[in-house]
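S.K.: Construct all of the structure, not just a fragment, from the sequences and the given hints.
The sequence shown maps to residues 5 to 209 in this note's numbering.
Be aware that a few hints might be false.
[What the hints assert, rightly or not] Derived EDC-like pairs: lysine to aspartate or glutamate, alpha-carbon spacing no greater than 20 Å straight-line:
| id | residue 1 | residue 2 |
| --- | --- | --- |
| 1 | K83 | E183 |
| 2 | K29 | E170 |
| 3 | K167 | E50 |
| 4 | K89 | E138 |
| 5 | K110 | E138 |
| 6 | K29 | E43 |
| 7 | K63 | E144 |
| 8 | K83 | E121 |
| 9 | K169 | E43 |
| 10 | K147 | E200 |
| 11 | K192 | D96 |
| 12 | K167 | E43 |
| 13 | K89 | E136 |
| 14 | K147 | D198 |
| 15 | K154 | D80 |
| 16 | K169 | E179 |
| 17 | K192 | D41 |
| 18 | K110 | E136 |
| 19 | K154 | E200 |
| 20 | K63 | D96 |
| 21 | K83 | E144 |
| 22 | K29 | E138 |
| 23 | K167 | D38 |
| 24 | K114 | E144 |
| 25 | K83 | E200 |
| 26 | K147 | E170 |
| 27 | K83 | E178 |
| 28 | K42 | E178 |
In case anyone wonders, no lab produced these hints; they're calculated from the structure.
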Amino acid sequence: MKFLPFLTLYAVANLIAPAYAIPYKGALIYRAVDKNDKEIVIFSGEPDGSITVKAGTVKQPYAGIANRCGMVRIPDRFKNIMSIKVGITTTDTTNLTVMNMPHCHKVTGKMTPTIMETFRLPSGTVVNVGNEPENPVTVEVTKFVTRTLKMNACGFAVLRSEKDKEPFYMIRVEETNYEIFQLPNANKAPKCFDGEGYLPNSWNN
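M.R.: Below you can see the structure in the form of structure tokens.
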């Protein structure tokens, strides 16, 4: 059994599923700071496994044409779109209502049922409403950046902001969004040496 001066070995008996993961007070996703005082996010999981995380964003333009009812479709098969901006209006797309495409009457330009807010189709496509019928629509699309993290031999992975890029304030794992500031704050991160996990003494407080 190995010890470091400022760390306490994390006893296997105290771990929760998945085996050998290192949660913080029961949380499998939590935040801390690294040796450079940069905020990091830690994910507990199966040793040597992996986790796919959507973190950080990139902006891309999208040009579409509204239909007779003023609706424009923005493809999003993998649900990577975080928000859209049409004109001066920005819409968060991470928790949109999911529904089927309403009927659009080609003569009257009326939709049935009437939808007043942006929504998402079961296929993932985002549908923005209220545009000038049959006119071009320019959309600024903000997408999550997808990253795959590898768990170490102790069962945790560390997510850091990429160099020269703005810190991320929200991450998405599978279908769940996590705001960074709301994650449990461990302050210091665990360590992994030769497959053995060590915890900061501060975790005992």
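S.K.: Going through the numbered hints above, which ones does this structure break? Give me the numbers in ascending order.
M.R.: Going through the list in order, the structure violates hints 2, 3, 10, 11, 14, 15, 16, 22, 24, 25 and 28 and respects the others.
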